[in-house]
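Got chain A; can you put chain B on it based on the hints?
2 protein chains.
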Amino acid sequence: MLRWIVAVCALMLALPVQAEDGYDLWQRYRPVEAGYAIPATSIVSEGTTPPLIAAAQELERGLSGLSGKVIEVGTLRDNAVIIGTPSSSAAIALLNPDLTKAGEEGFIIRTTRLNDRPVTIIAANRDIGVLYGVFEYLKLIQTRQPLTSLNITDAPKVKLRVLNHWDNLDGSVERGYAGTTIWDWWKLPDVRHPRYTDYARANASVGINGTVLNNVNSNAVSLSPAYIAKTAALADTFRPYGIKVYLSARFSAPIEEGGLKTADPLDPQVRAWWKAKADEIYAAIPDFGGFLVKANSEGQPGPQDYKRSHADGANMLAEALKPHGGIVMWRAFVYSHEKPDDRHKQAYDEFKALDGQFADNVLVQVKNGAIDFQPREPFHPMFGAMPKTPLMMEFQITKEYLGFSTHLAYLGQYYEEALKADTFAGGKAGNTVAKVVEGAVDNHTLTGIAGVANIGMDRNWSGSDFDQANWYAFGRLAWNPQASSRAIADDWARMTFSNDPAFVAPVVDMMMTSRETVADYMTPLGLHHLMDTGHHYGPGPWVDNLERADWNPVYYHKADINGIGFDRMKTGSNAIAQYTPKAAKLWAEPKTMDERYLLWFHHVPWDYKVKSGRTLWDEVVVTYSKGASDVTTMRNRWASLKPYVDADRFEAVATNLMIQEREARWWRDASVAYFQSISKRPLPAGYSAPEKTLEYYRSLKFPYAPGN
Amino acid sequence: MLRWIVAVCALMLALPVQAEDGYDLWQRYRPVEAGYAIPATSIVSEGTTPPLIAAAQELERGLSGLSGKVIEVGTLRDNAVIIGTPSSSAAIALLNPDLTKAGEEGFIIRTTRLNDRPVTIIAANRDIGVLYGVFEYLKLIQTRQPLTSLNITDAPKVKLRVLNHWDNLDGSVERGYAGTTIWDWWKLPDVRHPRYTDYARANASVGINGTVLNNVNSNAVSLSPAYIAKTAALADTFRPYGIKVYLSARFSAPIEEGGLKTADPLDPQVRAWWKAKADEIYAAIPDFGGFLVKANSEGQPGPQDYKRSHADGANMLAEALKPHGGIVMWRAFVYSHEKPDDRHKQAYDEFKALDGQFADNVLVQVKNGAIDFQPREPFHPMFGAMPKTPLMMEFQITKEYLGFSTHLAYLGQYYEEALKADTFAGGKAGNTVAKVVEGAVDNHTLTGIAGVANIGMDRNWSGSDFDQANWYAFGRLAWNPQASSRAIADDWARMTFSNDPAFVAPVVDMMMTSRETVADYMTPLGLHHLMDTGHHYGPGPWVDNLERADWNPVYYHKADINGIGFDRMKTGSNAIAQYTPKAAKLWAEPKTMDERYLLWFHHVPWDYKVKSGRTLWDEVVVTYSKGASDVTTMRNRWASLKPYVDADRFEAVATNLMIQEREARWWRDASVAYFQSISKRPLPAGYSAPEKTLEYYRSLKFPYAPGN
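Going down the list, the protein sequences come from chains A and B. Mapped onto full-length UniProt numbering, the consecutive letters of the first sequence carry residue numbers 1 to 708. Mapped onto full-length UniProt numbering, the consecutive letters of the second sequence carry residue numbers 1 to 708.
Heads up, a few of these hints could be off.
Copies of the same chain are indistinguishable here, so a pair counts whether it falls within one copy or spans any two.
[Said to hold, decoys possible] Once the Cα atoms are required to be at most 20 Å apart in a straight line, the calculated DMTMM-like pairs of lysine to aspartate or glutamate come out as:
{"hint": "1", "residue 1": "K582", "residue 2": "E417"}
{"hint": "2", "residue 1": "K558", "residue 2": "E298"}
{"hint": "3", "residue 1": "K420", "residue 2": "D372"}
{"hint": "4", "residue 1": "K69", "residue 2": "E104"}
{"hint": "5", "residue 1": "K626", "residue 2": "D500"}
{"hint": "6", "residue 1": "K626", "residue 2": "E691"}
{"hint": "7", "residue 1": "K275", "residue 2": "D78"}
{"hint": "8", "residue 1": "K701", "residue 2": "E256"}
{"hint": "9", "residue 1": "K69", "residue 2": "D594"}
{"hint": "10", "residue 1": "K585", "residue 2": "D360"}
{"hint": "11", "residue 1": "K701", "residue 2": "D190"}
In short, the hints are calculated from the structure, not lab data.
So that you can see chain A by itself, here it is in the shape it has in the complex:
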């Protein structure tokens, strides 16, 4: 046996048995370098519930991996780590720590003494808090924090922290760039891949406590008995990690699944069908979370098909779920086929009037901006405008409009920007989007943040190593919407790659500017929705032939020989009026405003002088060019970090940056070529002409672009 052990050791050291392929995400638990000491000697856990067992297992796995010695659940020793709740652990009960601030899901981590022994306790009021505490404690080690005198109390500021999977039953993922769905629907409920547990571990490690399994453009088959059984199997796997499952509900399911003639929310048969369906689901999944609904939006069925309101539709489902404790997340991303009005205004116009009409187990889910997850958008005017309704934030983690999974864009910085925006609700400064979402502004206890997942079958889960950071940052900001995205990037980089300061500092800087760079080479100065049709891959500012005016990029940039930009002032669509006066003031005056929003709100002459002193035309070209050259800078920076990164992941990131550099240049050249054909102006001195003709860029086709 010993010979064998030695053999295995030699082997393990000899070979990259487990090359870094990104599967372990930020939970790699590799041994810490000499010089950083982990005092922990043993784990004391008396808990027997699934979450407490999961917590003990994770701590054992993490401490053993990080310390490089087997640290098991066992007896009390000096520097033992004691985990549990007062009810599950005699030791915790004895120490009787103050858990009032921990609440339902929070925890405390404290170094203290038990019968004169130094110990570390991870305690909570409920089991799930213990698991969250364990992940926090492991993060302290993964990021090399001192462990000698800990006194941490933490609890989530938002109740529902939910991933939205836009996954279809045929395995494809709408706007997915990381391969197909990880849900093996065909083999469920029998086959439960280990990947499902790793998915739950990763989510729990950042506090995500819910997942919507299927696309908001949904299929009634998801509500069939066979698929409820499949969903129940996933729910069983996720339950120990505090993750509830939700389903996107197709509003017309009573017709397609139920065989009824109508889906009218006020029809008694329809209401009865939904009640029965809810009962059926809860019989299989007692802690089922509820429904997410996309209704009367982009062709989806909804209550308006029957001349009923969004509130009528949402409340019918809420009534069916209410007895079981379920909730409805009703999306506000609507823009009517009939209305020719600025899409920016339509959600607000439709929903504002319904404030106060929604049942108390309904949240209205609002995208961060009023158009559609553009590289930059001003915050959505609904935030702060519906005090009687809990508004749930919807962020997009998958990069539909930011270069798919090959462009590096750290979205934590984007999310923070959106959350920090001041709505001036009630005319008061400081009522940020974050505080609205937390319920602090209008005293809501039912609160939530959703993120459209970037997860697929790719081995690295997210399609690229750096896209993992967006999943991670979403979870961290859902837990605490006022957290710093830079601090989050720092944690992520340390856990995912290396704690070497020579690596961490430049990588975090690169991450923090990366999304700005994408906005520069795709949609500078407040331009938006310029991506090519359907797949949204690459530039398509010239597209003007789509059925609906507001599907065309030309609708959004409105460029002509004189100028460019969407006038959303009084003189134009007046979308600005949907913001509180103090918020509106920020964007009212081109001379003083943040020019990164200039063309979002104003139509401006080409020869208008921007703050840099350049003409607008020159500034557009300069900004596009800067975006492209900043990618070259990122690429060079990454090349210099080779000593700190394992070969496979270094290569993978380097290849993506090579692609991004080429495509940023493409964006810059195609956009400059197109806008120059309209402005008829010369390029500023020192700025090179596009490599190819406008006709060339217009001719490009991508028949099998992913996610479309």
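The following block gives chain B in isolation, referenced to the frame of chain A:
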């Protein structure tokens, strides 16, 4: 550093850092148990070509893994392993071994002495032979063979050993049950996943030397410049492993890609387009293998659309490829929409007359049987009937008709049965299908075997652990069509799971009977094509409503109140006449024939007495029931092997067997219920009635069945 090493060792032993997930296939290279000695001390390789570097790396990886010590490429020591060709290795040249029998791709492995040192040499005439020899040598260790006095010479008996991927450009895989395609077309040619190299290693380890990347139901976009560049990137990755890439060519590509008005093979413009396309491909891929073509079959375009023959079509493509050394694999799986004749006869009828008309770089690719990869088929009558044409065997590795990836069916035993079948070509006994395919019967040097791949993005590659054995066995039998499928199963089980005799013996027995078991519960006694429509999942013997008669199961079983079976004798379709008289004789007489083919060739009364003494009706029920209960036996056997298998793979296989047991019972019950509704006969004593009604079985629908 030492502290760190010890730490890592402790860690590696403490944790299942790398749980067995099947990704390593039969190339796990885990340390051998004490008691088995590996003499090798170092590797001597002077080769600098990609295949020789790959060979040295594989040997280093394998020997280090298996011995548990680092064994590197270095200097000559006692018991060194010397690899190379006489031209690449001075040592090999000095020892000057007899390589005449090794041929172009073969190798020798020999223990000998060099300057009085004991050494092992792995030598070949060409680089690729050295790589094949390295894999053979590693297999000896993986299967615990003695290494002390080796004197092995081996060479492939077939020239083209090719996988056919039925992979579509949208990522789906036709008849694929292991997830989506492993070709990340979107990110090619830039991103080259490590998985591509592991794919090449696995194929080379069993001698596969070609791969057709795209579906035979093909898309002309595969021939576009962008996709040729993507294909070239894969070719570059596979080249060091001796694997050529091929493409399925859409016959109408000159219209779709070339913008021509016709694809008539005799049209000069069409011929010129294909010549130019071939030149374009070879400019990017100098060793491109050639085209696989499905023409005038199941709606695919072909030469008959222009009143030309299959030979006209194949020869046009052959002419374009010829200057570059490429070949055409022209599929014989054709059955005309017009002809109402027995499908069994149509390929033979269409192709027999063309024998001698094909260019010398064309092979005709023939499925093992005349219908379509059924659980059992008599060999295809074309084998032995076209002496002037090289016939390439097409096996299906993916289990379209044998339970997808959840049913355990070892196809090595199926392939061996087909290859061992005696065609009695020229009236002589011993001219087996294997010998026809090897070219031995008609002296062809251009020979080939194709297998429709069962590979996808599932972590274990093939959708289940045991399906890996079918990929493995295909390769081994393509290398040597006269090999023993039992010996192959034995090697595979040892390399994939364990060398413990207590594990190997029962598992190999289980594998060898597993396909017979599937035939019993799906299509006993020569019944065929009874699977449900489209997806081919589960029983559909009642289906009678499809557009074409020969798409309906009822067309194949022809059951009525009096009897069942397809009369292919003179009195019926007379398909039997397509076989040589001596072969036909085997099946001519129900009384004496192998009854596993009875209903394939004969329509037999229900009360006909079979060899067992039972009536045919009783035998049908008994065989269906036996198939179902044999799965229970398999399941119990696997359960008893738990001590020998790692937890994850044991669980995965156990879950699949649970599914198979349920579905075998479903097959048995649904089939018995249906046939009883026709025979109107009672079940034999002691055989239970179906669990549910026939209506229930007929009502089952599977909207998202994979591979459809």
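How the hints compare with the structure:
no. : hint         : verdict
1   : K582 to E417 : within (18 Å within a copy, 82 Å between copies)
2   : K558 to E298 : neither (23 Å within a copy, 50 Å between copies)
3   : K420 to D372 : within (19 Å within a copy, 63 Å between copies)
4   : K69 to E104  : neither (34 Å within a copy, 52 Å between copies)
5   : K626 to D500 : neither (30 Å within a copy, 64 Å between copies)
6   : K626 to E691 : within (16 Å within a copy, 71 Å between copies)
7   : K275 to D78  : neither (55 Å within a copy, 79 Å between copies)
8   : K701 to E256 : between (36 Å within a copy, 15 Å between copies)
9   : K69 to D594  : neither (54 Å within a copy, 63 Å between copies)
10  : K585 to D360 : neither (34 Å within a copy, 80 Å between copies)
11  : K701 to D190 : between (42 Å within a copy, 18 Å between copies)
Going down the numbered hints, you'll see the structure goes against 2, 4, 5, 7, 9, 10, while the others check out.
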